[in-house]
Every structure is written in C-alpha cells, then in structure tokens.
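Here the working numbering is used: position 27 in the sequence shown is 27, and no number is missing along the way.
To be clear, the hints were calculated from the coordinates, so they are not data collected in a lab. It should be emphasised that the depicted structure is a prediction, and the values quoted were computed from it without experimental measurement. Hints are supplied without guarantee of correctness; some may be wrong.
Derived CB-CB ranges, DEER-like [said to hold, decoys possible]:
(1) L183 with K147: 52 to 58 Å
(2) T61 with Q185: 32 to 38 Å
(3) Q184 with Q151: 44 to 50 Å
(4) Q158 with R195: 51 to 57 Å
(5) E164 with S132: 44 to 50 Å
(6) E164 with K198: 47 to 53 Å
(7) T152 with K178: 36 to 42 Å
(8) Q185 with Q151: 49 to 55 Å
(9) S175 with E26: 32 to 38 Å
Glycine is no exception: its CB is placed at the ideal position from the N, C-alpha and C atoms.
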Amino acid sequence: MNSNNRNEIEVVETRLERLIAANHAELSERMTRLEERLASSIAELKASIAELSQRVSVLETGFVELKEKFSNLKITIIVTGLSATLTIILGVGAINVSLLSGMIGAFESGRGMGSEGMEIRHQLQALQQNSSRSQQQIDTIQQQTVKLQQQTDTMQLQLREMQEQTRTTQKQMESIQKQTDSLQQQTGSLRDEMREVKRLIERRNASDQPR
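With the hints as extra help, turn the sequences into a complete structure.
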C-alpha cells in the first residue's frame with residue numbers, strides 16, 4: 001500500500017471518528033435534555049398528586065364535620081319538637097283541670113247564681129285565649145320545623161356535593177398516577193435505547209480501528 005492510499009484511509013478514518021463523536025455527543029445531549037424534561041414532568045405530577053391528596057384530606061375533614069352537624073341538627077329537631085309538644089300538652093291540661101274544677105264548683109253551688117256564671121264565662125274566655133296562644137305556639141314550632149328541615153336538606157346536598165368532589169379528585173389522582181407510571185416506563189425504554197446506541201457506536205469504533 002503506497003503512502004497516498006494510506007493518507008486517504010487516515011483521512012477517512014478521521015472523518016468517521018469525528019462523525020461518530022459528533023453523533024455520540026448529540027445523542028448524549030438529547031438524552032440529557034429528555035431526562036431533564038421527564039424529571040420536570042414527573043416532579044410536576046408528584047406535586048399535583050400531593051396537592052390533590054391535600055384536597056382529599058380537606059374534603060374528608062369537612063365531610064366528618066358536616067356529618068356531626070347533621071347529627072346534632074337531627075337531635076335538635078327531636079328535642080325541640082318533644083319539648084314544645086310537652087309544654088303545650090301540660091299547659092292545656094292544667095287549664096282544663098282548672099276550668100273543670102271551677103265549673104264543678106259552680107255547678108254544685110247552683111247554676112242560677114249570677115256571680116258563678118260570670119266566673120265560668122271568664123274561665124271560658126281564658127281557655128279560648130290560652131288555646132289561641134297554644135295554636136300560635138304550634139304554628140311557630142311548625143315554622144321552626146320547616147326551617148330545620150330546609151337546613152337538613154341543604155346539609156344533605158352539601159354532603160352529596162362533597163362526596164362527588166372526593167370521587168372526582170380520586171379519579172384525577174388515579175389518572176395522574178397512570179401518567180407518571182407511563183412516563184417512567186418511557187424513560188426506562190429511552191435509556192435502554194441509548195445504551196444500545198452507545199454499544200453500537202463503540203462496536204463500530206472498534207471495528208473501524210486499523211489493525
């Protein structure tokens with residue numbers, strides 16, 4: 001082999017080495033950028049998962065508090081209704097006993113006595129007034145019961161909304177977790193491909209070396 005051929009071979013080998021080195025550097029740079037982007041994406045996804053987990057915790061806390069309020073509200077409705085009912089029953093009962101005693105006394109003393117008749121009429125008027133007040137109390141209690149029922153319905157609606165938000169958040173977390181797993185798998189596959197490319201380049205460099 002003359003010197004010209006040897007020089008040409010050396011020139012070609014030099015070009016090939018530069019080309020391989022340039023390709024290797026470019027592939028390494030691309031791999032580095034890709035890993036940085038993937039690492040950034042994974043970090044963002046993890047941050048989103050942490051934020052969603054915090055939101056779920058807040059929703060669960062609010063859900064527990066709302067359930068406690070709902071339970072207390074039901075107890076309040078029952079106690080209020082029983083108290084008001086007992087008050088009315090006892091009040092009307094006392095009035096009836098008083099009236100009955102008065103009327104019996106008047107009857108025994110004689111129905112013709114004017115003063116006793118007047119007292120009976122006064123007692124009847126008092127009974128009517130007490131009955132009117134009792135009816136007003138009943139109406140007030142009914143209004144309070146309606147308001148409490150409305151509050152109960154509102155709290156039940158809030159409970160359903162919180163449950164729906166919790167389910168939606170859990171679905172979002174599952175979706176983000178799947179995306180994270182997919183990105184990690186892609187990163188692993190790209191790393192395997194890069195290692196294979198490096199091995200091929202090294203083999204080519206070894207085969208191109210002059211013997």
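Tested hints:
1. Distance hint for L183 and K147: a CB-CB separation of about 53 Å, consistent with the stated range 52 to 58 Å.
2. The hinted window of 32 to 38 Å between T61 and Q185 holds, with their beta carbons roughly 35 Å apart.
3. Take Q184 and Q151: their Cβ atoms lie about 49 Å apart, and the range 44 to 50 Å holds.
4. For Q158 and R195, the hinted distance range of 51 to 57 Å is satisfied, since their beta carbons lie about 55 Å from each other.
5. Checked against the hint of 44 to 50 Å, the C-beta distance between E164 and S132 comes to roughly 48 Å, which is consistent with it.
6. For E164 and K198, the hinted distance range of 47 to 53 Å is satisfied, since their beta carbons lie about 51 Å from each other.
7. For T152 and K178, the Cβ-Cβ distance of about 40 Å falls inside the hinted range of 36 to 42 Å, so the restraint holds.
8. Against the hinted window of 49 to 55 Å, the Cβ-Cβ separation of Q185 and Q151 comes to about 51 Å, which satisfies the hint.
9. A beta carbon spacing of about 35 Å between S175 and E26 agrees with the range 32 to 38 Å that was offered as a hint.
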